[in-house]
Amino acid sequence: METIALTINGIRINCPAGNRLLEAAEKNGIPIPHLCSHPSLHPVGACRLCLVEDEKTGRLMAACVTPAAQDMQILTHTPRIERHRRNIVRLMMAEHPESCIVCNKGNRCELRGVAARLGIGATNLYPMPNYKQMEQANPFIVIDLSKCILCGKCIRADHELVGAGAIDFYMRGFKSRPATLHDLPLEQSNCTFCGTCISMCPTGALSLKGDYAGTPERIAPSVCGFCGVGCSLSLGMAGEKIVEVNPDKKSNTVNGATLCVRGHFAMDFLNSNDRLAQPLVRENGNLIPLSWDKALDLVVRRLFEIKATNGSQSIAFIGSSKCSNEENYLFQKIARVFLKTNNIDNGGYLFGRQLLSMVEKRTDKGGRFNFFAGSLSGIEKAEVIMVIGADPCHTIPVASYYLKRAAAKGIPILLIEPQHTELSKDARIMLNPIPGSDLALINALSALLCRRGSSENSFIERFTRGFGSYSQSLNALDLNQAACDSGLSLDDIEKAADLLAGKKITFMTGRGISRQRQGGKIMDALLNLAMMTGSIGYAGAGFHITAAESNMVGSWDMGTVPDALPGRRLLCEEETQKEWEAVWGVELSLKPGLNMLQMIEAAEKGLLKAVYIMGENPLRALQEPERVRKAFERIPFIVCQDILQTETTAAAHIVLPGAAVAEKEGTFTNMEGRLQQFLPAILPPGDSRSDFDILSALYQKMSGSPHPLFLSDIREEISRVLPMHTGNTQSSHLVWIKDFAQKNEARADISGSSIEPKFSDVFPFKRDTPDSEYPFTVLLGSDRYHLGSGTRTSRSYRIATFENSAKIKPKQRAQSPHSLKYPDACGGELQISLADAKRLALKDGDAVRLTSKWGAISRAVRIQKRLSQGLVYVPGAYNHNDARCLIPLTPLFSEESSGWNYCRVKMEKI
Amino acid sequence: MDQQEIDWAKLTEIINAHRDDKWGLIPMLQKVQEKFGYIPPEAIAPVAEALQLHPSQVQGVISFYAGFTMKPKGRCVLKVCRGTACHVKGSRSILRAMKKNLNLEEGETSADYQFTLETVACLGACFLAPTMLVNHDYYGRLTPNKINSIVGIYRKDQSDG
Ligand code: SF4
Ligand code: SF4
Ligand code: SF4
Ligand code: FES
Ligand code: FES
Numbered sequence: 001m002e003t004i005a006l007t008i009n010g011i012r013i014n015c016p017a018g019n020r021l022l023e024a025a026e027k028n029g030i031p032i033p034h035l036c037s038h039p040s041l042h043p044v045g046a047c048r049l050c051l052v053e054d055e056k057t058g059r060l061m062a063a064c065v066t067p068a069a070q071d072m073q074i075l076t077h078t079p080r081i082e083r084h085r086r087n088i089v090r091l092m093m094a095e096h097p098e099s100c101i102v103c104n105k106g107n108r109c110e111l112r113g114v115a116a117r118l119g120i121g122a123t124n125l126y127p128m129p130n131y132k133q134m135e136q137a138n139p140f141i142v143i144d145l146s147k148c149i150l151c152g153k154c155i156r157a158d159h160e161l162v163g164a165g166a167i168d169f170y171m172r173g174f175k176s177r178p179a180t181l182h183d184l185p186l187e188q189s190n191c192t193f194c195g196t197c198i199s200m201c202p203t204g205a206l207s208l209k210g211d212y213a214g215t216p217e218r219i220a221p222s223v224c225g226f227c228g229v230g231c232s233l234s235l236g237m238a239g240e241k242i243v244e245v246n247p248d249k250k251s252n253t254v255n256g257a258t259l260c261v262r263g264h265f266a267m268d269f270l271n272s273n274d275r276l277a278q279p280l281v282r283e284n285g286n287l288i289p290l291s292w293d294k295a296l297d298l299v300v301r302r303l304f305e306i307k308a309t310n311g312s313q314s315i316a317f318i319g320s321s322k323c324s325n326e327e328n329y330l331f332q333k334i335a336r337v338f339l340k341t342n343n344i345d346n347g348g349y350l351f352g353r354q355l356l357s358m359v360e361k362r363t364d365k366g367g368r369f370n371f372f373a374g375s376l377s378g379i380e381k382a383e384v385i386m387v388i389g390a391d392p393c394h395t396i397p398v399a400s401y402y403l404k405r406a407a408a409k410g411i412p413i414l415l416i417e418p419q420h421t422e423l424s425k426d427a428r429i430m431l432n433p434i435p436g437s438d439l440a441l442i443n444a445l446s447a448l449l450c451r452r453g454s455s456e457n458s459f460i461e462r463f464t465r466g467f468g469s470y471s472q473s474l475n476a477l478d479l480n481q482a483a484c485d486s487g488l489s490l491d492d493i494e495k496a497a498d499l500l501a502g503k504k505i506t507f508m509t510g511r512g513i514s515r516q517r518q519g520g521k522i523m524d525a526l527l528n529l530a531m532m533t534g535s536i537g538y539a540g541a542g543f544h545i546t547a548a549e550s551n552m553v554g555s556w557d558m559g560t561v562p563d564a565l566p567g568r569r570l571l572c573e574e575e576t577q578k579e580w581e582a583v584w585g586v587e588l589s590l591k592p593g594l595n596m597l598q599m600i601e602a603a604e605k606g607l608l609k610a611v612y613i614m615g616e617n618p619l620r621a622l623q624e625p626e627r628v629r630k631a632f633e634r635i636p637f638i639v640c641q642d643i644l645q646t647e648t649t650a651a652a653h654i655v656l657p658g659a660a661v662a663e664k665e666g667t668f669t670n671m672e673g674r675l676q677q678f679l680p681a682i683l684p685p686g687d688s689r690s691d692f693d694i695l696s697a698l699y700q701k702m703s704g705s706p707h708p709l710f711l712s713d714i715r716e717e718i719s720r721v722l723p724m725h726t727g728n729t730q731s732s733h734l735v736w737i738k739d740f741a742q743k744n745e746a747r748a749d750i751s752g753s754s755i756e757p758k759f760s761d762v763f764p765f766k767r768d769t770p771d772s773e774y775p776f777t778v779l780l781g782s783d784r785y786h787l788g789s790g791t792r793t794s795r796s797y798r799i800a801t802f803e804n805s806a807k808i809k810p811k812q813r814a815q816s817p818h819s820l821k822y823p824d825a826c827g828g829e830l831q832i833s834l835a836d837a838k839r840l841a842l843k844d845g846d847a848v849r850l851t852s853k854w855g856a857i858s859r860a861v862r863i864q865k866r867l868s869q870g871l872v873y874v875p876g877a878y879n880h881n882d883a884r885c886l887i888p889l890t891p892l893f894s895e896e897s898s899g900w901n902y903c904r905v906k907m908e909k910i
Numbered sequence: 001m002d003q004q005e006i007d008w009a010k011l012t013e014i015i016n017a018h019r020d021d022k023w024g025l026i027p028m029l030q031k032v033q034e035k036f037g038y039i040p041p042e043a044i045a046p047v048a049e050a051l052q053l054h055p056s057q058v059q060g061v062i063s064f065y066a067g068f069t070m071k072p073k074g075r076c077v078l079k080v081c082r083g084t085a086c087h088v089k090g091s092r093s094i095l096r097a098m099k100k101n102l103n104l105e106e107g108e109t110s111a112d113y114q115f116t117l118e119t120v121a122c123l124g125a126c127f128l129a130p131t132m133l134v135n136h137d138y139y140g141r142l143t144p145n146k147i148n149s150i151v152g153i154y155r156k157d158q159s160d161g
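Chains A and B are the protein sequences, given in the same order. Reminder that position 89 of the first sequence reads as 89 in the working numbering, one-by-one numbering, no gaps. Reminder that position 89 of the second sequence reads as 89 in the working numbering, one-by-one numbering, no gaps.
Please note: incorrect hints may appear among the correct ones.
[What the hints assert, rightly or not] Residues from chain A that face chain B, not an exhaustive set, calculated with beta carbons under 7 Å:
#1 Phe169
#2 Arg172
#3 His182
#4 Leu711
Hints are computed from structural coordinates only; laboratory data are not their basis. Glycine is no exception: its CB is placed at the ideal position from the N, C-alpha and C atoms.
Put together the whole structure using the sequences plus the hints.
In structure tokens form, the structure reads like this:
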């Protein structure tokens, strides 16, 4: 890159061409005050505080917008500039209200900071506060535009970083201010409450709503514990309470300056009254407190007894896709080494881990790198993006911002979803196939590309096998039939093929595929498409698989799964067995254990005598709740380690209180494969302990060792035996990040062709036979206000308040039949099409009952103009996650179910 | 204010005519205002979608320019000049007379959408001060009496149909 040399305050400096003066100066340690510029936003030069002087001409210019030029001579702090700066700030202060002392921004107000540094105490100007109405109806954001200095950062963040477009300047002159469309409250705009704007706002105009006002007492970095994006956070604390969350300012984080509503606002679930604070034991039906020592002794004694009388097969362990790598590793080690069982699973089961594991077996012999796209930043460099079976705007919001920014840069997105989603407006082409017909559609797309010779032949020859027979079967495919099966016109599919032709594809896919009965075949078809187009192994290309939970990837890596040891080493290989027997010094069984569903089945048969659950809530998450509850009643000994009272702790015999992410040390592996360390920011409540401490105490008791086991010991062990964790041994007060996705060895296959994936067969698509008794198809989804089954998010005061305010009250409905003022279905309503609404004479807010073969739920409806007739969208997590009642608890691939995403229902007005 | 149902066909026609223009926003908004007399708030979303802008951005542009309005205006828009020259020549009493005559405050539109009363800073015809503009016609050397007869003409217009 070309460099430019210039002089600032007499010092000769160099900077890359294209840098603005402000950037160049700051990088060289010359601070210039500024309020409206931010490294991740386009500069606009609104506040004029960054004025600098050209030594040669005496011209004043705004450093944030002026590009550095060769041999410029710049002065940044002459008396003249200082005078101007002071006047600018004085004018801002004169317009400011007097509520500074109680401002939520407290000492982090940048205006205050600038004023202090410029030595402005009193403005000596006639105060002319520009009072504007304060808005604080929503439970997330307080807007006090009297304090707005019109820097426009909130607006640019909203447009450029998160792509929501909820706000822009409105009116001009003295009346000018940021506002939503039609100047409505935020909750009636398309604001997603990501809170990015409030972290950006230099003053108290936008701030976090809560019961604490002012500057937090201390600040500590952390990682968000909700979804698999793994955003870096900066937590603000008062005492042992988190009173504020902001995106961490350090560089190269996944989220940059953004967050989503969960990470930013739902952390208040930590203060819920439902937090567990002491070990409990069930006596005469009631849970009563007891000491840690007694509780752990009891656990150890009972587990060993059960193992001795009923055998290892009668014991199961459920680890957690929300607990750390170290915890999951130790958890499965305890299960395998001391209890000799492979009956280990984690919540990832419900997100279709099975299917992903099939994909890995086909491509990587059990590794996780080769086909995965790694760093999300590749999305913004992609040639074309295909989003299929994923609703990233809701499940992994911060990752969806990458897609929105890519679209804004002109990178085409092909969106394949049965229904309109929030991403639709960013998609170049959207296809809405009939639910479950993705296979027909992908086959058709591949066939079209193959027939027009748009295959990457050099890649195919060098790295793959079996293209010949694959292309033959593609050529034999009946395109009209495929179009008809997927309910689309061939014309539209052709247009999508045009979009993909000749480009490397970046895929994003998620539970829409991984929870489908035909999901395996669909993934195969997608992999074929990826191989044919050479979309693997290049920066930006490959697969992004949405990870719904913070450590879904890591818990799998650490082996809390029935069929693999840590490092995703499949159990069936003898080599693996030998290796791990040597590591742990015990004999291991090669027989895969029970997965989550098989555990329930075993419990139903009375075969399961003990289950140890860490950080999962199967009684809220699993389908057929009644059946699962009965199965749990048959388990004589249930240990549940959690942070909250849950449906599952209520069924447990021993409850052990653990700690949340912000309260403990550990690492997560996010959906990119990025390993992120976190340290405790606050103490866990009462007597509760970090999950690692609990497990390590158990380990010590079980092993009878005199030495306690420390986190560093396990970290050291993991990093010794798992190449993907090499180097993760230190424990520092900084968050330590290792971005594996950017390491070259992850791509060994590409440079060295060490694996040769084979094109799989083109599976023909079989259409489900329609059932006239159940005329509607339910699409199960999730929305951004909740995570998974909602155990934690429903305990967030802010989220619960929002949900309540969004729910339609009967009284309101009486006043106006169309009283749904919120554009989002944040009250948990199900969505129906306009045509169905007319046919069934349903209005917004009417209650209906949905009945499937497996269960029934009642909800209010919301009419969604863009939904196709016959589809019903149901967001999960609401009402104790009752939506799960509609789908069967059958193996994902079993013929009698249509998978875990769709089901057929009938609908009646109630 | 009565929410009148807007003519969507007319709107779509305008949008389609300009959707591929470079910098199409302002011309599109001008056309909309020309056809409808104002920019119906309902028009913002479709305009934004056609130009791939955020609706809030479009609203920002509309509300920035004094020339755009999102409120329907009366058949006759009366702009009383409140510039310096007119002020000296007594435009304050002209405005007062006008308010009384029309029973409207500044910026208001009559319930029957016949009259809108506005003020401007200078009509550029100071030699005729005090002045006013009714739609495209200038009136100068105004007196409160003259006002009543001018308004009368426009009222009469209306009754003539
Ligand atoms: S909270 Fe997020 S979506 Fe809402 S206005 Fe702020 S930046 Fe935009
Ligand atoms: S609300 Fe804050 S960020 Fe937005 S323009 Fe005003 S001062 Fe700037
Ligand atoms: S995107 Fe995921 S990790 Fe990031 S803040 Fe939201 S919930 Fe947390
Ligand atoms: S920082 Fe340059 S004008 Fe605001
Ligand atoms: S001041 Fe009224 S026309 Fe100039």
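Structure-based check of each hint:
{"no.": "1", "hint": "Phe169", "result": "holds (5 Å)"}
{"no.": "2", "hint": "Arg172", "result": "holds (5 Å)"}
{"no.": "3", "hint": "His182", "result": "holds (6 Å)"}
{"no.": "4", "hint": "Leu711", "result": "violated (47 Å)"}
Checked against the numbered hints above, the structure violates only hint 4.
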